[in-house]
Amino acid sequence: DAGVIQSPRHEVTEMGQEVTLRCKPISGHNSLFWYRQTMMRGLELLIYFNNNVPIDDSGMPEDRFSAKMPNASFSTLKIQPSEPRDSAVYFCASTLGGGNSYEQYFGPGTRLTVT
Amino acid sequence: QQQVKQSPQSLIVQKGGIPIINCAYENTAFDYFPWYQQFPGKGPALLIAIRPDVSEKKEGRFTISFNKSAKQFSLHIMDSQPGDSATYFCASSPSNTGKLIFGQGTTLQVKP
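So the sequences go chain by chain: A and B. Number 1361 marks the last residue of the first sequence (our numbering); no jumps. Number 120 marks the last residue of the second sequence (our numbering); no jumps.
Hints should not be assumed to be uniformly reliable.
Straight-line Cα separation of at most 25 Å, BS3-like style, residue types lysine-lysine; simulated pairs [what the hints assert, rightly or not]: (1) B:50 <-> B:119; (2) B:50 <-> A:1324; (3) B:13 <-> B:50; (4) A:1270 <-> B:50; (5) B:119 <-> B:23; (6) B:50 <-> B:23.
Honestly, the hints are just simulated from the structure, not real lab data.
Chain B with its partners taken away, still in its complex shape (with noise of 0.2 Å):
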C-alpha cells in the first residue's frame, strides 16, 4: 500500500493557539517524514522532517509527533501566527528511494 491520509482537510484557530494535523501511512517500509508548507502561488517548502527511530522532534514552533505502531505521524504548531496560515502537506518515502508520497494537505487559518 502506497497511501498517506492526511487530516484534518481545513483548520482554523486563533493567534496563539496549537493547531494540529495528523498522517497515517500504510506501509511499514517506509522510512522517512517530512511536513511541507505551501503558501498561495509558491511551491511547497520542507517544514520539518523525522526518522523513525525517534518519536518526537521540534524545530521552534514545530514539532512533529511520530507513533511507529500506529503508523502515525502530527504536526503541532505551537502559538500559531497570522503568517503561519498556509496548506501543510505531511509525506512518507518508501526505502532507499527517495521519492515522497503526499497526503492530500491540510489549509490552516490563524486568525488574527
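Just chain A, same shape as in the assembly (with noise of 0.2 Å):
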C-alpha cells in the first residue's frame, strides 16, 4: 500500500485566498484525522471521521476552517479565508477503527506558508 496521500505538500499563499489540503488514507481505513502541527501549539487534532461522518470538530479553529470526507477514500480540507496564523504543517492520519486497532497512520504532511 501507498500509505495514507497528502497534496500539495507545500502551498504559499496570500492572506485571504481559500486553500483546499487533500488527502487520500490508506484503503481500508475507516476513520480519519486532521492535525495541525506549530512549533508553539504541537500536534493538534482539528478534526476526526469514522465512516465518513464527522464525529469531533471541536479542535477546529474557527468557521474558517472546514472538512470533508465525500468517500472513504478521499478527505479535504479547507481554509477560507486564510491568514498568516494558519501557517503550519497539516497532516492527515488514517487507522483501522474499531476494537483495539488506535495504530494512526500518518502522511507526510503538507506545509502551509500565508503570507
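Two independent chains are provided; combine them into the complex using the hints.
Here is the structure:
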C-alpha cells in the first residue's frame, strides 16, 4: 500500500485566499484524522471522521476551517479566508478503527505558508 | 481534563546512553498510550504503545513504563544511537474513541 497520501506537499498563498488540502487514507481504513503542527502548539487534532461521518470537530479553530469526507478514499480540509497564523504543517492520518486498532498512520504532511 | 504533559522539551545524550522521556495525563478514562517518533520533514510514526492493564512493555531497545495510579508513563531508549535522534511524542486516547491527544514533544539528540 502507498500509505496515506497528501497533496500538495507545500502550499504558499497570500492572506485572504482559499486553501484546500487533500488526503487519501490507506485503503480499508475507516477513521481519518486531520492534525495541525506548529512549534508553539505542537500536534493538535482538528477533526476526525469515522466511516466518512465527522465525529469530533472541537479542534477546528474557527469557522474559516471546514473539512469534508465525501467517500472512504478522500478528504479535504479547506481554509477560507486564509490568514498568516494558519501557517503550519497539516497532517492527515488514518486508522483501521474499531476494537484495538488504534494505530494511526500519518501522511507526509502539507506545509502551508500564508503571507 | 484532556491534557497530556510531556517532559523534557529537549534532551541530549551520548551514544549508548539511556534517554528517558516522561508523560502525565489527567483523565482516568484514557485507555491507550502510544509513543510516536518523528523525523524532520516526515509524519509521526508509531514506535510502541501500551494499554493500562500492564505496567511495562518492551519492543527491541524501546520500553514503556506505565504507572496507572500516578497517571504517568515514560519511554526508555536502551543503547541509544545517533539514528534515534528525532522528536518523540507521547499520546493518550480517550476510551472507545480512537482519537489521540498528543504531548508537546521531546527533541532528542544522540551524539556519536
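Each hint tested on the structure:
In summary, the hint linking residue 50 of chain B to residue 119 of chain B is supported, as the alpha carbons are separated by about 21 Å, within the 25 Å threshold. Pair hint residue 50 of chain B plus residue 1324 of chain A holds up; C-alpha atoms about 22 Å apart against a cutoff of 25 Å. Taken as a hint, the residue 13 of chain B and residue 50 of chain B pair is honoured in the structure, with Cα atoms around 23 Å apart against an allowance of 25 Å. Restraint check for residue 1270 of chain A and residue 50 of chain B: satisfied, since their Cα atoms lie roughly 17 Å apart, inside the 25 Å limit.
Restraint check for residue 119 of chain B and residue 23 of chain B: satisfied, since their Cα atoms lie roughly 6 Å apart, inside the 25 Å limit. Among the hinted pairs, residue 50 of chain B with residue 23 of chain B is consistent with the structure: their alpha-carbon atoms are about 23 Å apart, no more than 25 Å.
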